[in-house]
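For the record, the sequence lines run as chains A and B.
One point on numbering: in my numbering, the residue at position 177 of the first sequence is 177, and numbering is uninterrupted.
One point on numbering: in my numbering, the residue at position 303 of the second sequence is 303, and numbering is uninterrupted.
It should be emphasised that the hints constitute simulated quantities derived from the structure, not laboratory data.
The reader is advised that the hints may include incorrect statements.
To be verified - In the DSS-like style, the derived pairs of lysine-lysine whose C-alpha atoms are separated by at most 25 Å in a straight line are: (1) Lys210/B <-> Lys164/B; (2) Lys73/A <-> Lys216/B; (3) Lys42/B <-> Lys63/A; (4) Lys73/A <-> Lys164/B; (5) Lys66/A <-> Lys50/B; (6) Lys171/B <-> Lys165/A; (7) Lys212/B <-> Lys173/B; (8) Lys171/B <-> Lys66/A.
Claimed, not checked - Computed footprint of chain B on chain A, listed as stretches where at least three residues anywhere in the stretch have a Cβ under 8 Å from a Cβ of chain B: (9) 1 to 7; (10) 115 to 125; (11) 141 to 147.
Beta carbons are placed, not taken as given, at the ideal position from N, Cα and C, and that holds for glycine.
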Amino acid sequence: MIKAAVIIFLLTTNYLLLTTYSYALELESPRFKLDVEKPNIDIDKKRSIVYTIESLQGAQAFKRFKSNGYVIKSHGSEDDLIFLLSPSIVDLGEISPGRNTTGEITLSVTSLNDLDYNINLIQEYPFKNLSGDTIPLDFLLEGEKSYRSVPNQNNSDPSTVIMTKNSDQPVKIIFNINQAQYQTAGTYETVIDFVAIPSY
Amino acid sequence: MGKKIFIFVLILATNYLLLTTNVSAQQVSFSLSPILTELAIKPAQSTVIKYKLANLGDPSIVKIRVLPFEAKDSVGNVNIKNALEGPIQFELENETIKLEEAFFLKNSTSQELFLNVRVSEGTPAKDYYFTILAESQPPPTQEGVANLRAKISVGSHLLITVTKEGRVEIKPKISLFQVVPKNKIRLFGLQISLFNSFDKIPIVLLVENKGKNLIKPQGEIILRGPLWYSKKFEIKSQTVLAESQKLLLLDSKNSSSNVEHLTSNSLILPGLFLGGYKLSATISFGDGTPTLFASTSFLVLPIKFTVLAAFVTILIIFLIKRLKKNDEL
Numbered sequence: 001m002i003k004a005a006v007i008i009f010l011l012t013t014n015y016l017l018l019t020t021y022s023y024a025l026e027l028e029s030p031r032f033k034l035d036v037e038k039p040n041i042d043i044d045k046k047r048s049i050v051y052t053i054e055s056l057q058g059a060q061a062f063k064r065f066k067s068n069g070y071v072i073k074s075h076g077s078e079d080d081l082i083f084l085l086s087p088s089i090v091d092l093g094e095i096s097p098g099r100n101t102t103g104e105i106t107l108s109v110t111s112l113n114d115l116d117y118n119i120n121l122i123q124e125y126p127f128k129n130l131s132g133d134t135i136p137l138d139f140l141l142e143g144e145k146s147y148r149s150v151p152n153q154n155n156s157d158p159s160t161v162i163m164t165k166n167s168d169q170p171v172k173i174i175f176n177i178n179q180a181q182y183q184t185a186g187t188y189e190t191v192i193d194f195v196a197i198p199s200y
Numbered sequence: 001m002g003k004k005i006f007i008f009v010l011i012l013a014t015n016y017l018l019l020t021t022n023v024s025a026q027q028v029s030f031s032l033s034p035i036l037t038e039l040a041i042k043p044a045q046s047t048v049i050k051y052k053l054a055n056l057g058d059p060s061i062v063k064i065r066v067l068p069f070e071a072k073d074s075v076g077n078v079n080i081k082n083a084l085e086g087p088i089q090f091e092l093e094n095e096t097i098k099l100e101e102a103f104f105l106k107n108s109t110s111q112e113l114f115l116n117v118r119v120s121e122g123t124p125a126k127d128y129y130f131t132i133l134a135e136s137q138p139p140p141t142q143e144g145v146a147n148l149r150a151k152i153s154v155g156s157h158l159l160i161t162v163t164k165e166g167r168v169e170i171k172p173k174i175s176l177f178q179v180v181p182k183n184k185i186r187l188f189g190l191q192i193s194l195f196n197s198f199d200k201i202p203i204v205l206l207v208e209n210k211g212k213n214l215i216k217p218q219g220e221i222i223l224r225g226p227l228w229y230s231k232k233f234e235i236k237s238q239t240v241l242a243e244s245q246k247l248l249l250l251d252s253k254n255s256s257s258n259v260e261h262l263t264s265n266s267l268i269l270p271g272l273f274l275g276g277y278k279l280s281a282t283i284s285f286g287d288g289t290p291t292l293f294a295s296t297s298f299l300v301l302p303i304k305f306t307v308l309a310a311f312v313t314i315l316i317i318f319l320i321k322r323l324k325k326n327d328e329l
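Let the sequences and hints guide you as you build the complete structure.
Structure below.
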């Protein structure tokens, strides 16, 4: 008797915990039973249904399109995304062979209305002097442990995302140059692009 | 003598204050609005879109550029091309400002920009995507030292749909909807996604746009579990560009600030205790457009607790047996 009760108890517990309830309402149509099909359902290619911009932008927009030949929809308000960088020039001092030198740039973004955005970083050409002697340029974001190479547009490197919507605090970027033992003294420079792009 | 020195010091101090300028680290700050513009236009038509560029930093030299872009990945990153191409022409209608030509913008001022967009006759009906970039010019090089010159660009996307009669192609597909489990088990030919109790549950929902025009999926994900448990998550309207895929993001507050983490999941569910759960996604694309459904399921079990409990039970049984053996001796 006890054995039977234990078995019934275990079966009931398993049933309650391991089953989920299926509702016809879940699919908003009591006549469909879609679970029998594969979950990824394509649109039937044989049916030729014509959609217009009314489906995407509404009847008023479609009316304006027909009368003007165009319709414009702008998103976001003024000063939705304010991008600030400081300083715009970083002095890494005189070249001193065999020494590492670092410099900092601070970025901050003020984003209203919970806007999605990305900030990318890339250097336009290698860090070099007029003779073409180059020095490897690395960077890290404050809080990171190791340096990464700055991507180079000349090498067709993709730009690196350094800041997103979730980085609501200013970001400090630390640049580092490793000067070789035989490094020639003089003026060395490069241009670093910081590109702020809101999401589409 | 004292009077002479005093006058000399006064002249030097006055000269210093009047004739020198402070060399300070320059601050660059821009804002470009609107941040996104959608334009549906017929071939052989033109229109003007108004932008506003505000300079909130130090005085700057600025250049306006229009460049085409394409989707780079499934999380909304774009690949901006280096040169303008295609059948759509752009021109600034401002008197003094031209595209690709630098102009001076004082601090704390803003400049209205009137961008003329002209679509040539015979332009194929499809989508064309561009980014309007306001680009600062880098400061001049400092001689004799090593220096990094930084410049900023603020972008605003312009999504153009060229269509003769307003027709658009809506061809969506849910290419992936699943949980990302740490453990998977095969049982009677079925693959079961297994999570330990209270482990976070990452969900991936990827929508593919196979059409020639952008689509705007929106909808919901419903989580159902044991004992009539049910929770709804809203999918807000998001743009998926033509012939591309996009990971739909649900509640970004649940996402980590880590970029890598954010790029891989649509939603991270908080840890659940026990039972079998089912996720159903419903996505629509506007009035009269098709609705897509997808579902997936997973199992949550107290794996770590069970292993610990089994170990403790075995240990207790072993100890009891050993004590009994000692008593017998």
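These are the hints, each one checked on the structure:
| no. | hint | result |
| --- | --- | --- |
| 1 | Lys210/B <-> Lys164/B | holds, 20 Å |
| 2 | Lys73/A <-> Lys216/B | holds, 14 Å |
| 3 | Lys42/B <-> Lys63/A | holds, 13 Å |
| 4 | Lys73/A <-> Lys164/B | holds, 18 Å |
| 5 | Lys66/A <-> Lys50/B | holds, 21 Å |
| 6 | Lys171/B <-> Lys165/A | violated, 30 Å |
| 7 | Lys212/B <-> Lys173/B | holds, 14 Å |
| 8 | Lys171/B <-> Lys66/A | holds, 23 Å |
| 9 | 1 to 7 | violated (count 0) |
| 10 | 115 to 125 | holds (count 3) |
| 11 | 141 to 147 | violated (count 0) |
When held up to the earlier numbered hints, the structure conflicts with 6, 9, 11 and fits the remainder.
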